[in-house]
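Chains as they are written, first to last, in the working numbering: chain A, 100 to 523; chain B, 100 to 523.
Just so you know, these hints were derived from the structure itself, not from any lab. Hints are all accurate, no fakes.
These stretches of chain A come out as covered by chain B in the derived footprint (C-beta under 8 Å, 3 or more residues):
#: 1; stretch: 267 to 276
#: 2; stretch: 324 to 336
Okay, the calculated beta carbon distance ranges per label pair:
#: 3; chain 1: A; residue 1: Ser479; chain 2: B; residue 2: Ser463; range: 26 to 32 Å
#: 4; chain 1: A; residue 1: Thr286; chain 2: B; residue 2: Lys458; range: 32 to 38 Å
#: 5; chain 1: A; residue 1: Lys114; chain 2: B; residue 2: Asn459; range: 41 to 47 Å
The beta carbon of each residue, even a glycine, is placed where N, CA and C say it ideally should be.
Protein chains: 2
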Amino acid sequence: MRDMLGREEVVTVEKALELIFKNCSPALIPEVKIKIEGFYQRILSRDICSPEDLPQFARSTVDGFAVDSSDTFGAAEGLPSYLNIAGEILMGEEPSLEIKKGTAAKIATGGMLPKGADAVVMIEHVQQADKKSLRLETEMIEVMKPAAPGENVIQAGEDVRKGDLILKKGHRLRPQDAAALAGIGITEIFVYEKPIVSIISTGDEIVPAGSRLKPGQVRDINSFNLAGLIAEAGGNPVKQGIFSDEYAVIRNIVEKSLEDSSIVLISGGSSVGTKDMTAKIINDIGKPGTLFHGVSIKPGKPMIGGIVNNKPIFGLPGHPAAITVCFEQFIEPVLRKLTGLSENKFRGRKPTVTAKMAKNVASSSGREDHIRVALEERGSEIWANPILGKSGLITTLVKADGIVVIPLRKLGIEQGEIVEVRLF
Amino acid sequence: MRDMLGREEVVTVEKALELIFKNCSPALIPEVKIKIEGFYQRILSRDICSPEDLPQFARSTVDGFAVDSSDTFGAAEGLPSYLNIAGEILMGEEPSLEIKKGTAAKIATGGMLPKGADAVVMIEHVQQADKKSLRLETEMIEVMKPAAPGENVIQAGEDVRKGDLILKKGHRLRPQDAAALAGIGITEIFVYEKPIVSIISTGDEIVPAGSRLKPGQVRDINSFNLAGLIAEAGGNPVKQGIFSDEYAVIRNIVEKSLEDSSIVLISGGSSVGTKDMTAKIINDIGKPGTLFHGVSIKPGKPMIGGIVNNKPIFGLPGHPAAITVCFEQFIEPVLRKLTGLSENKFRGRKPTVTAKMAKNVASSSGREDHIRVALEERGSEIWANPILGKSGLITTLVKADGIVVIPLRKLGIEQGEIVEVRLF
Chain A
100 MRDMLGREEV VTVEKALELI FKNCSPALIP EVKIKIEGFY QRILSRDICS PEDLPQFARS
160 TVDGFAVDSS DTFGAAEGLP SYLNIAGEIL MGEEPSLEIK KGTAAKIATG GMLPKGADAV
220 VMIEHVQQAD KKSLRLETEM IEVMKPAAPG ENVIQAGEDV RKGDLILKKG HRLRPQDAAA
280 LAGIGITEIF VYEKPIVSII STGDEIVPAG SRLKPGQVRD INSFNLAGLI AEAGGNPVKQ
340 GIFSDEYAVI RNIVEKSLED SSIVLISGGS SVGTKDMTAK IINDIGKPGT LFHGVSIKPG
400 KPMIGGIVNN KPIFGLPGHP AAITVCFEQF IEPVLRKLTG LSENKFRGRK PTVTAKMAKN
460 VASSSGREDH IRVALEERGS EIWANPILGK SGLITTLVKA DGIVVIPLRK LGIEQGEIVE
520 VRLF
Chain B
100 MRDMLGREEV VTVEKALELI FKNCSPALIP EVKIKIEGFY QRILSRDICS PEDLPQFARS
160 TVDGFAVDSS DTFGAAEGLP SYLNIAGEIL MGEEPSLEIK KGTAAKIATG GMLPKGADAV
220 VMIEHVQQAD KKSLRLETEM IEVMKPAAPG ENVIQAGEDV RKGDLILKKG HRLRPQDAAA
280 LAGIGITEIF VYEKPIVSII STGDEIVPAG SRLKPGQVRD INSFNLAGLI AEAGGNPVKQ
340 GIFSDEYAVI RNIVEKSLED SSIVLISGGS SVGTKDMTAK IINDIGKPGT LFHGVSIKPG
400 KPMIGGIVNN KPIFGLPGHP AAITVCFEQF IEPVLRKLTG LSENKFRGRK PTVTAKMAKN
460 VASSSGREDH IRVALEERGS EIWANPILGK SGLITTLVKA DGIVVIPLRK LGIEQGEIVE
520 VRLF
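Bound-form chain A, shown alone:
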């Protein structure tokens, strides 16, 4: 994009994202029915209401004696309530016995309350019973403490009521959510399919990772970084292969990829003029085409973004460190939206750590700087050592534990300044 004087104009990260989201109302990803074993981390495509009560009967939450609470009113250590043992509640079965006035039944945690009982006295508050095994020494117990109605009992439907909305559409399933679904008997659910993100590697010097190199060749590095980042963000990375930097070749594979993909990434394209070619291809394929060409971010300035047929296409810089930064800033927010994940600031957050910057780091105003840092413990403090190598070196990312961002209008970070490190 050029300004009125024909100069290339870069946009801010904020503006770039705004342009993408304004021009793209992502098509809904189709849903798919999956079994309970595959629940974890998938995103619900429908609200889930409970088909039944959980639990379906009143259960004891302690080991003790099921009682009619009114039989224990006023009980105290000096003045126990005496109750006859009516029997024992067997686990997993409906009790055949009934609690009549003046009686109690042995019950374990999770046992079903018998008719006539409305509370459970803990074994610790009963005399003449072995506190460890609930074995009885007599046919009568002494209750030393009153039980309120409902005490030590989970009522039928107290955890979940039939019809309750348990989990909302757009929720990502955590271990406890899968457990809750198992509890109410739901073993199949509808989730969103993982959005396909196509990775197109370009460059006449690029060869597959398994190749022996001839002079002038390098192996395809960036598609491995991208595939991992895409999978971590909930997408389905599909490597389309390595393609020559020619208009017809790239245009063809971009158009083909657009058919099945939710997002298309063009990585590399380092030969002269290729950056413009990528922008031209996005423009030529459809509307609105290229939305920005260059972003005020470092590393990652040559980033290209566009939309065709409601699908985002990104042209990524070739430098490895730029790949990570551009992914986190531009692609991940779009991808997350496409996964169907509901807006929630507290879910899927990246781990962070607070540290002190170990060295002065300069930055230019009007540019967002993403500094790779390695963390170091000094006593109880954590210090962040900036890794200042060229962004073309993959090892700068390997040595880093995370990234510190210097915002657009900040001129740098001083030694000792407190920073938030977004951990890899």
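We have chain A already, so just place chain B on it with the hints.
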């Protein structure tokens, strides 16, 4: 474990972990060779040194002209250096041309430096060339800025030198690490197998998740929570099934599970006396047997821990909320060690968020309280609302966004107090 007066003694979380780690030097998990596609998140079982240089040749990091830097010394806008175009460097090929004094060659980002060249002048600092396409308008260029030796060049071996230690044993592979390995041509590596963690569900009232319930029965909830937590922590959860609360039955399946597993979990066991039975089984199977029986933590107090044949066995309380807390506190630290993950405070950290407590929460001294909280945004602030339901309710975990810990010697948290929330 009982003290000298025969009372049951609970231990602190710290002490419980100390007992486990003191009595267990985990056997090394076997390693397995995997292909590059499965790298992500696996843990290296060997150091990785590079078999070659990366890159294998000096590469340009910009679009411009490869030059002999001494030809540009003193160049300035008013006083350019004039250089003849010797030709163009093709991507992915060894240049056949050579840079002689007074000449330059067109080169793109990633191109191989020709003989005689030791620097690259950016296209932006060259006249008589189209800055966007590097097309030339003449056979001569004017260089407006001097290039230092090595400027805009990545030297052969600058990213990685042959023999360099790239990644250490015990490192968990992130996307950028897979990329670096691809770059140096490593497409197969040795990683630790995921430790098998057996889950034994016990209780006569427990039926599989897919079952229709009879009165008194509940579905197996906890094994789903545990399986998800184990997988997230890098383990391989194996559900052994649901077993009756009988000594011979449980002992048999524990012994069988110990054969293949690195950790054995006994979940549930809610009938009266079962907790003691679990401790007895661990003691009867081998040495040192049960190490603690009860921990000063809420929820999770009835937690049992032991070691047999150098393998940890845990008896877990039946309440769903206790499962999550006990897993995070006792099982996860042991499991992480068994995965082979090296000690690094900054890797595999859970996401956290700082919030203000929305209500007073009381706690007893001498007990570590794990409070489930739901987060709420109020303007720019985040508030943590404690979820105070019974720990037997799975929905208290479903409603929660994370957990706030009240340490052993703290008597509670006041409304408005700043807390750190460990997010699920």
